[in-house]
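A.B. asks: Listed below, chain by chain, are the residues.
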Amino acid sequence: MSFETPDDRKYNESHEWALRDGGTVRVGISDFAQDELGDVVFVELPDVGEAVTQGEAFGVIESIKAVSDLYAPVSGEVTAVNEALFDAPEQVNEDPFGDGWMLEIELSDEAELDELLSAGDYADQVA
Amino acid sequence: MNYDQARWTDDDERYEPLLSEKHTAEADLDDAPLPDELTRDSLELPDLSEPELARHYTRLSEMNYGVDSGPYPLGSCTMKYNPKFTEDVAAIEAGAVHPDRSPESVQGNLELLYDLQDYLGRIGGMDAVTLQPPAGAAGEFTGVLVAKAYHEHNGDERSEIIVPESAHGTNFASAALAGFDVVSLPGGDDGRVDLDALESALSDETALLMLTNPNTLGLFERDIEEISEMVHDAGGLLYYDGANLNALLGRARPGDMGFDIMHYNVHKTFATPHGGGGPGAGPVGVVGELAPFLPKPQVEKRDGTYDLFDPEHSIGKVHGSLGNWLVLVKAYAYIARLGDPGLADASAKAVLNANYLASQIEYEVPYGPFHHEFVASAGDQDAADVAKRMLDYGVHPPTTKWPEIVGEALMTEPTEIENKTTLDQLADAFNAVADEDQDALAAAPERTAARRIDQTGAARNLRLSWQALDDE
Numbered sequence: 001m002s003f004e005t006p007d008d009r010k011y012n013e014s015h016e017w018a019l020r021d022g023g024t025v026r027v028g029i030s031d032f033a034q035d036e037l038g039d040v041v042f043v044e045l046p047d048v049g050e051a052v053t054q055g056e057a058f059g060v061i062e063s064i065k066a067v068s069d070l071y072a073p074v075s076g077e078v079t080a081v082n083e084a085l086f087d088a089p090e091q092v093n094e095d096p097f098g099d100g101w102m103l104e105i106e107l108s109d110e111a112e113l114d115e116l117l118s119a120g121d122y123a124d125q126v127a
Numbered sequence: 128m129n130y131d132q133a134r135w136t137d138d139d140e141r142y143e144p145l146l147s148e149k150h151t152a153e154a155d156l157d158d159a160p161l162p163d164e165l166t167r168d169s170l171e172l173p174d175l176s177e178p179e180l181a182r183h184y185t186r187l188s189e190m191n192y193g194v195d196s197g198p199y200p201l202g203s204c205t206m207k208y209n210p211k212f213t214e215d216v217a218a219i220e221a222g223a224v225h226p227d228r229s230p231e232s233v234q235g236n237l238e239l240l241y242d243l244q245d246y247l248g249r250i251g252g253m254d255a256v257t258l259q260p261p262a263g264a265a266g267e268f269t270g271v272l273v274a275k276a277y278h279e280h281n282g283d284e285r286s287e288i289i290v291p292e293s294a295h296g297t298n299f300a301s302a303a304l305a306g307f308d309v310v311s312l313p314g315g316d317d318g319r320v321d322l323d324a325l326e327s328a329l330s331d332e333t334a335l336l337m338l339t340n341p342n343t344l345g346l347f348e349r350d351i352e353e354i355s356e357m358v359h360d361a362g363g364l365l366y367y368d369g370a371n372l373n374a375l376l377g378r379a380r381p382g383d384m385g386f387d388i389m390h391y392n393v394h395k396t397f398a399t400p401h402g403g404g405g406p407g408a409g410p411v412g413v414v415g416e417l418a419p420f421l422p423k424p425q426v427e428k429r430d431g432t433y434d435l436f437d438p439e440h441s442i443g444k445v446h447g448s449l450g451n452w453l454v455l456v457k458a459y460a461y462i463a464r465l466g467d468p469g470l471a472d473a474s475a476k477a478v479l480n481a482n483y484l485a486s487q488i489e490y491e492v493p494y495g496p497f498h499h500e501f502v503a504s505a506g507d508q509d510a511a512d513v514a515k516r517m518l519d520y521g522v523h524p525p526t527t528k529w530p531e532i533v534g535e536a537l538m539t540e541p542t543e544i545e546n547k548t549t550l551d552q553l554a555d556a557f558n559a560v561a562d563e564d565q566d567a568l569a570a571a572p573e574r575t576a577a578r579r580i581d582q583t584g585a586a587r588n589l590r591l592s593w594q595a596l597d598d599e
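If you read the protein sequences in the order shown, they are chains L and V. FYI, the numbering used here numbers position 47 of the first sequence as 47, with every residue one higher than the one before it. FYI, the numbering used here numbers position 55 of the second sequence as 182, with every residue one higher than the one before it.
Think of the hints as simulated: they come from the structure by calculation, not from any bench. Do not rely on the hints blindly, as some may be mistaken.
[As the list claims (entries may be wrong)] Short, incomplete list of chain L residues facing chain V, as computed with Cβ under 7 Å: (1) V41; (2) E44; (3) I64.
[Said to hold, decoys possible] Subject to a maximum C-alpha distance of 16 Å in a straight line, what follows is the list of computed EDC-like cross-link-like pairs (lysine to aspartate or glutamate): (4) V:K428 with V:E231; (5) V:K423 with V:D227; (6) V:K149 with V:E171; (7) L:K65 with V:E171; (8) L:K65 with L:E36; (9) V:K428 with V:D174; (10) L:K65 with V:E531; (11) L:K65 with V:D581; (12) V:K528 with V:D564; (13) V:K528 with V:E292; (14) V:K211 with V:D195; (15) V:K428 with V:D245; (16) L:K65 with V:D383; (17) V:K528 with L:E36; (18) V:K428 with V:D242.
Glycine residues also receive a C-beta, built at the ideal position from the N, C-alpha and C atoms.
Please construct the entire structure, taking both the sequences and the accompanying hints into account.
C.D. replies: The structure is reproduced here in C-alpha cells:
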C-alpha cells in the first residue's frame, strides 16, 4: 500500500507535516499516520497564542485504536487552530493534507525547516 | 452447541424500553417530611407490576452474555465463574456492621479480615497485606506509593519506574499518577524480559520494576531470580502485578521469586465478580521491610483479640474504611472452601485447560511453553472480526489485538472452570471461524441481540448520561 506524500511540504519522522506559506507554517499529520491510527475520534490542540517548540508535544490525537502525542515540526506562536476538528475529527482521516490540518504557527526560526525530512525521504521512511 | 440470542425490540427496532418509557405515574408528594424548598411539586416515577418488572430484567439478561451463559476465555482477565455460595455468605446479615463500630464490638468481622490478610500473605509469600484498595488498579497505585514512601524514608528519592512494553496499561498509569517517569522496557525475542535491555534501563533513579509472571504471553519469566538480583543491586524494588497469579497458586510464590510488593486481583484469582458485582478489591502484599508503610489502619491479633493499628510510616488511608467488605467476604469464602489443595488444583487445571485448548485450535501460537493463557495469531484475518464471528458460535471471544508482539493477537484464557466438552466447543468455534472467508467475518455477528457496533460513531458522539438520549 502506498501513501500520499505531497512534495510541497516537509515532514517529521513522527509523521507530522509542515507547509510553509510566507511567515506561517501549517501543520497536520500524514496520510500514513491517519491510516495507522484508524478512525480518529478526538483531537486536542493548543490555544491560539500559545508557544510550541520543535520536537515537543503540542497536542493529542485519539483514534479507536490508540492515543498519540502530536509533535511540533517547528517552533513558534500558534496563530490559528482548526476548530472544525473538534466536531468533525474524521476530517483528519478524509483529508489529512487539506481540511484535516491542525495548526498554523508563526515561524520563528527558518533554519528549523531544514531539519525536517523532504517528501522523498519521508516517503522512503513509510514505504 | 447452536446459538441464537434473544432479541427484544419495540416496533421502532429499539431494544427493550426503559422502565420510565413503559409506564409512569405521578408520585404522591404531599406528605414528604421535608422543607418545601427541598421537595419537588411533581415527580413521574416508573409504575409497573412485579411481573412487568421481572420480565424487563429477564429480557435484558437474555440479551446479555456472561460466564453464566457459556465459556468466557477473555485472556488476562481470568473470567472465572463466581460461585453462588459466596453470595449467600456475603448476604449474612450479621456481617453488615457500620464501618465505624468499635473493634471490641466487631471481633468476627476483624477475624475474617485478619484471616484473609493471612491467607493472601501466605499465597503470595508476602509478610503483610492491606485489604483497603478498592480495585486492582487502586492496589497498583497503593503499591507504588508504598515504594515511593520507602525510598523517601531512606533519603533516596528515585524518579523512574520500569515497565515492560507488554504490561497492562494500568502499570504505566499507576507509575505516572504517583509522579514517576515511566521507562518502557522492550521485550526480548523469546517474549520474555531481555536482561541486556533491563541492564541498560536500570540506574540509581530506578524506584521499581513492575512485572507480571507468567507474563502477558503466558510465559514464565525463568530469569526472575537474576532479574530480582539486578533490580535490588540497583537499589530498586520489584513489583508483582497479580493479573496472572492464577497460574501459580500452590506452586510458586512471588515473594519467593524476590518480589517486594504485589497486588491481588480478587476478581480474577479468587472468583469474585468483575465489575457489575458491586465495589471491588485489590489487596496489596509487601515484604516485612515495607510493612511500616502500608495504609492505615491494619488489622492485628494480640492475645486472641483483634484490633486495629496504624503502621509506623503509613502512607495514609486509601479507602474510607477497612476495604469493601462484601467482596472481601466472597474472596475469603472462595479461598476457605478450596483450601490449599483446591487452590493448587485450580491452578493446575487452568494451565492444563489452556494447553489443551491451544493444542486443539488451528491458529498458530507463536510463543511457548505457556501456562494459564496463550496468545494465538489470527494470521491474515482481522482479530476483531474473528472475535465478532466467534459470538455467533455461542462463546465469548478471547481478548484481541493485544499484546502487540503477536500480530492479530487472540489472547485466550479458558480458566480451570471449563470441562473437556466445553473446551472442545470453544476449539470448534475457533476452527470454524479460522476456515471462514472475509465476507462471513465482515457480516458477523448475526446471531446476537446486537449486531456489529459502530465503535467509531460511539466514540465520536458520546452519550454520557441518559438525558443525552433526549437530544436525539
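A.B. asks: State for each hint whether it applies.
C.D. replies: Each hint, compared with the structure:
no. : hint               : verdict
1   : V41                : 4 Å, holds
2   : E44                : 14 Å, violated
3   : I64                : 5 Å, holds
4   : V:K428 with V:E231 : 12 Å, holds
5   : V:K423 with V:D227 : 14 Å, holds
6   : V:K149 with V:E171 : 12 Å, holds
7   : L:K65 with V:E171  : 42 Å, violated
8   : L:K65 with L:E36   : 9 Å, holds
9   : V:K428 with V:D174 : 51 Å, violated
10  : L:K65 with V:E531  : 12 Å, holds
11  : L:K65 with V:D581  : 14 Å, holds
12  : V:K528 with V:D564 : 19 Å, violated
13  : V:K528 with V:E292 : 14 Å, holds
14  : V:K211 with V:D195 : 11 Å, holds
15  : V:K428 with V:D245 : 11 Å, holds
16  : L:K65 with V:D383  : 38 Å, violated
17  : V:K528 with L:E36  : 14 Å, holds
18  : V:K428 with V:D242 : 10 Å, holds
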